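Visitor: If you read the protein sequences in the order shown, they are chains A and B. So that you can map any letter, position 84 of the first sequence is 83 in numbering that gives the first Met the number 0, and since no number is skipped, the others follow by simple counting. So that you can map any letter, position 75 of the second sequence is 74 in numbering that gives the first Met the number 0, and since no number is skipped, the others follow by simple counting.
Hints were generated in silico from the structure; no laboratory data involved. None of these values were measured; they are calculated from a predicted model. Positions of the beta carbon are idealized from the N, C-alpha and C atoms, including for glycine. Treat the hints with caution; some may be incorrect.
Unchecked claim - Interface residues of chain A toward chain B, partial, derived using beta-carbon atoms under 8 Å:
hint : residue
1    : Q40
2    : E41
3    : K42
4    : V44
5    : D56
6    : K60
7    : I64
8    : C65
9    : L67
10   : A73
11   : V74
12   : T76
13   : V78
14   : T82
15   : S102
Unchecked claim - A short list of chain B residues far from chain A (calculated; beta carbon distances all over 12 Å):
hint : residue
16   : Q235
17   : D319
18   : K347
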Amino acid sequence: MSIVYKRPEVFTDEYMKYCGGCGHGIINKVIGELIEENNWQEKAVFVWPIGCSVYADKYFKVDSICALHGRAPAVATGVKRATPENLVISYQGDGDLVSEGMSEIMHSAIRGEKFTVVFVNNAIYGMTGGQMAPTTLMGQHTTTSPYGRAEEFTGHPVNMAEIIAGIPGCYYSERVTVNTPGNIRKMKAAIKKAFEYQMEGKGLTFVEVVSPCPTGWNMKPVKALEWLSESVISTYPLGVFKDLGKEEK
Amino acid sequence: MGEKVFMQGNEAFAESAIRSGCKFFFGYPITPSSEMPEYYAKRAPEEGLTFIQAETEVAAFNMIAGVAATGKRGMTATSGPGFSLGCEAMSYMSAASLPSVVVDVMRPGPADGEILGSQGDYFQLTKGGGHGDYRTIVLAPYSVQEYADFAPLAFELAEKYLNPVVVASDGTLAKMMENVVLPERSAGPERQPWAVDGAKGREHNDITTCGDGPEQWEAFNLRLQAKYQNIRDNEQRWEEYQTEDADVIIVAFGVYSRVAMAAMKMAREKGLKVGLIRPITLWPFPVKAFENLENKDFFVTELNSGQMVEDVKLAVKDKDRVEFYGRLGGMIPTPVELFNKLCELYMK
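Excised from the complex, chain A in its bound form (with noise of 0.2 Å):
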């Protein structure tokens, strides 16, 4: 009997706290993957900031920080500068990464702060309750945007892999998902591409990934990836927006 299939050896046997057809679980597995791959158990440094992120502080044999909400890209920034031989990673949400923290990340990018961002974004605040995130779309139904999300007073959601991707100092900016198993398959590469550019020294690598929040979207999680299908990622449309490496090649 071979072992076609396991779960990374890289997890703590910590029982995982998401939510039932939360992209978060299928995320954290790939980036566990990969670490285990490429045997980078003792360079990979995590930085979990708030919203749901932070779980995962507890699920990886890997040295890893917690950070306030919106400050892990300034966290990164110390821990890749004083540590610039470690693959140091940003892992972040959507309210996180594109309200609290948009200075951070956009100043993070025009510096071309050498380390990984993985952007999980799934149009919602997820941790505090299903409230409106600058990416959710328009019309979405929130807690704090009850008769859907009206431009009148929001104003529209936010394109960060081609804002990111605008910025000089970006080396890498990719959107992915994770509603099949071949865009999965997608991410994975992605990511992996991302963390060899920064294990090459290049500047700001970024995976924006767009994922399923079925609590805060107060639906099934099956409807949650038709609805992912169907209407979040024409919003966000997937594909690479930047990658210097192959334009070198």
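Since chain A is already given, all that's left is putting chain B on it; use the hints.
Guide: Positioned in the frame of chain A, the structure of chain B alone reads:
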């Protein structure tokens, strides 16, 4: 002994920090602290330093947290409005037990305020400033020499207790020039066993600032409180002059204590029994300095509307024997002004 030079306060601190192995400086320009980022930026290439002009003080303080998390020495310097922005990170670094050093070059607030010397941040620095039950060690130098000496001391205390340390200077000390003996060079600490610098040759380290239920979080908080009590027991620092026979003891801190010293000397020349206590650690406040001082009056003077005076009242046996005089807005009393005030209060 190190090199003796004639140097400005802020630059002397920055040079002393560099010699103490602090290779990382992140900061945002604000008067009267800006000579420090400028000095680091200038010295970066020859000393192999990392200097970033941060986008905000919020970012600068969190960058320092990141460096401290790897076990290396990093610092920032700012003034009141910037320190207010950094208070979120002061709370965070305290909970995370990160050994960072922050200089607050005090200027008169509130709000934008003025840019000369002040002591108006005393409450903010010693009572928290950020959220939650935390404390940071606060050192208040009175001369350019002591300012420079406090760079290595601040890092040593930060690393000994795994806690942020604030150096509270002000616009006057920042800008004045004096002779100063700079410290010997040191490389800074070895690899720290608790740091998040890659899990090489050890189990992984997690620095967590997130609670996991009230029982766990109370236990976490009690460990912090035990640390703070240890600091209170062991790190109270002060200087005192002629307190033994004194009828009145002036209490003043920072560079302003030099005005108080001049007023004390004037009083002694006139045969009045006046002494001086100069708190060096503002937190922990040196309550031990006030033990065994029976039947004395205390004249507290500060460049604020009365902040440290509250701690003096808690430290003395009879708070009715504590008087206060302060100036605001960047105004500094002359020795004669202080002496006259002293006479007015006690020579009735």
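Visitor: Could you check if A73 (chain A) really has its C-beta closer than 8 Å to a C-beta on chain B?
Guide: holds (4 Å)
Visitor: So is K347 (chain B) really clear of chain A, every C-beta pair being over 12 Å apart?
Guide: holds (54 Å)
Visitor: Can the hint on T76 (chain A) be confirmed by a CB-to-CB distance to chain B that is less than 8 Å?
Guide: holds (5 Å)
Visitor: Once the shortest beta carbon distance from E41 (chain A) to chain B is found, is it less than 8 Å?
Guide: Constraint on E41 (chain A) satisfied, holds at 4 Å.
Visitor: Could you check if L67 (chain A) really has its C-beta closer than 8 Å to a C-beta on chain B?
Guide: With a minimum Cβ separation of about 5 Å from chain B (threshold 8 Å), the hint on L67 (chain A) holds.
Visitor: Minimum Cβ distance from Q40 (chain A) to chain B below 8 Å?
Guide: Q40 (chain A) check passes; min Cβ-Cβ to chain B is 7 Å, inside 8 Å.
Visitor: Would the stated hint for V74 (chain A) survive a check requiring a Cβ distance to chain B of less than 8 Å?
Guide: Cβ of V74 (chain A) sits 4 Å from chain B, so the hint holds.
Visitor: Interface hint check: V78 (chain A), Cβ to nearest Cβ on chain B, cutoff 8 Å. Holds or violated?
Guide: With a closest approach of 4 Å, the V78 (chain A) hint holds.
Visitor: Does the closest beta carbon of chain B sit nearer than 8 Å to the beta carbon of T82 (chain A)?
Guide: Given a least distance of 5 Å, the restraint on T82 (chain A) holds.
Visitor: Should the label of D319 (chain B) as a non-interface residue stand, given a Cβ cut-off of 12 Å to chain A?
Guide: Non-interface label stands for D319 (chain B): nearest chain A Cβ at 44 Å, farther than 12 Å.
Visitor: Just double-check Q235 (chain B) for me: nearest Cβ-Cβ distance to chain A has to come out over 12 Å.
Guide: holds (31 Å)
Visitor: Does the nearest C-beta of chain B fall within a distance shorter than 8 Å of the C-beta of S102 (chain A)?
Guide: Hint holds; S102 (chain A) Cβ to chain B Cβ min 6 Å, cut 8 Å.
Of the hints listed earlier, there is not a single one the structure fails to meet.
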